[in-house]
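Peer 1: Between the sequences and the hints, there should be enough to build the whole structure, so can you do that?
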Amino acid sequence: MKQNADTLYLDSRNNSVWSFILQEMKPKGKIFTPFNIISIPIILVGLYIIFIRFTQGLGAVNNLTQEVPWGLWKGFNVVTGVAFAGGAYVLAFLVYILNMKRFKPILRVTILNGFLAYVFYSIALIIDLGRPLDIINIIIGNNYGVSSVMFLVGWHFLLYMLAMLIEFSPAIAEWLNLKKAHRVLSSLTLAAVVFGITLSVLHQSGLGALFLMAKDKIHPLWYNSYLPLMFVVSSVFAGIALVILEGSISRKVFTGQYPDDDKESHNLILKSLAKISAGAMFLYLFMTIIIFVHEQNAVYLSSKLGAWYLLEVLGFVMVPLILYCYSCTKYNRTVVTVAAVLTLIGIMLNRMNISIIAFRWDAAVPYIPAWQEFVVTVAIILIEIWVFRWVVRRMPVIRKSPEWAKNNH
Amino acid sequence: MDGFHYYDLFATKGIEYLITIAFFLLLIPLWKVLNGNIPAMSKVNEMAGALSFGRLSVPKGLFYSSNHTWAFLKKEGTARVGIDDFLLRAVGEVEVQPAVTPGQKVKKGDLMAHLIHEGKTLNVFAPVSGQIVNNNTSGSIPSDGGDPYQKAWLMELKPSDWLSETQSFYLADQAANWMKAEVERFRDFLAHTAQKYAPEPAMVTLQDGGEPREQAMKELPVEAWQDFQKSFLGSSTLKKTD
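Those protein sequence lines, which keep their order, are chains B and W. For the first sequence, the positions run 1327 to 1735 when our numbering is used. For the second sequence, the positions run 30 to 271 when our numbering is used.
Hints listed in this document are in silico derivations from the structure and should not be mistaken for laboratory results. Note that the Cβ used here is the ideal one computed from N, Cα and C, for glycine as well. Accuracy of the hints is not assured; some may be wrong.
[Stated by the list, open to error] Below, a sample of chain B positions facing chain W; criterion: calculated Cβ distance under 10 Å: (1) 1426; (2) 1430; (3) 1457; (4) 1460; (5) 1572; (6) 1600; (7) 1602; (8) 1608; (9) 1622; (10) 1654; (11) 1728.
Peer 2: Structure follows, in structure tokens:
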């Protein structure tokens, strides 16, 4: 075959970049799996609903009102989703700042998860905005809105996505066999990590700060002046819980990519994550208790929302904390996974309570999300999973990097 | 005034102080619980002490492969290969049984030698391809190691593809960083190996900051040597780069 000197050849079969990428676009693995069969219709319906949203307006596809302007898309996809994506900055901190190399094998997949989470939850935000095109204002300077917490959150989302893309980019360079680009991108990793951790802590607390100005709208059991701090602390164990759950699922789905002798090191990683999660939850629990006492909220416990609050704190903070502590004395992978699931439910409850359920709990017409909102929420998550699967099947995210990369991620 | 609620701060101050004190007091048993079974931990902590990166010799002029062998190209064109200081200090005094003879041709990743200690064996694979010129006939590597790069080399060979085969090897500062990471990885390996093969059912981990003892592998069972082979020395022919 005649070689074009200008063409970049990726492998010994002399494939150019474009033919390589086209080759990679072909589906890998079985097409008619249970997951595909269930997710494809949901995604198609979700896309259709999004089309309706942009052609007929927000009111055609949700139950939001002037009194309750924030619904499931912002409350779940954005506020809760960003908490779940906290695993990326936590793990990056552990590996690069505290030099705990034992977590390096799961760092790349967590960064990918975090990056995709922020991208898709930004898309969910754009879908939910009344004037989506105005989102560009905070960047181009058409009324920046510098006195708004939203300005900080907006910029942070953008910069953090870029930072995570840079952190993940060596994997893309390894996939495309771009050795020089890999060297350059790897040299940017530490700076991106430091920048990313700083940004992440700020915007995790920024999301909590968004609710500070809604003092009269959020039920006293959930509202307090320390919401930003609570959001940061809870994002630590929320992110770790998702890392644990995602690891368990990935091990079943992408079995062939994990080395044979990986089980024991994975158990060690899980146990270490359980310890860190337990520590953060212990701190969070005591902060919750002190705030509860300080705000003199005992009077509200006798109400329905009081019982709901106790369920959230006792059932989904204290119980997983106890389970994590138990798994540290007598390690059991199932116990750790159950604790992680309970933690995720607890975080979901907490964020949804603050943003939806306990937000204007006294409204004349209580907000109940429309079925279209549920479908779009699920569709966005399923599309994210599809993209995640596409990337993991092609790039060295879970499997080892090529030898030339000298990267034992 | 609407929207304001006046709190008596002092009504709850005492309780808040007590809760804070309780938090710090409970932190101590939580720390103990999270760090697992302390008596069992002390057994593993006996391994703490000596195998630290600071004690390893990582000369800058050598090419290090990821399976803990090194290669050095001499002026006359022959390459000397051996095992690195990390491997030497991890396993201690071993008998060396060459798997190839002078005159034989080897490819990168082929079995080169066996390291044997009391019936436990590790396989060492050739870092580069070539024709064997000479074996180190000393037969064993002493426990004090000496200098693994002068006395404890394994073979000399005439390399056939030195340039491309050493592309992926570690050199100079990169080698030092890699070796540091390997010591860390060895710590984790010992921790989960102790849990896997230790008689006590409780899970144990190395205390953070503790370092593996030299010759730690000597006391571990043959199954641990097999795990070590897979994790650090490779279990089959090295994959070629495209």
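Peer 1: Which of the numbered hints above does this structure break?
Peer 2: 3, 4, 5
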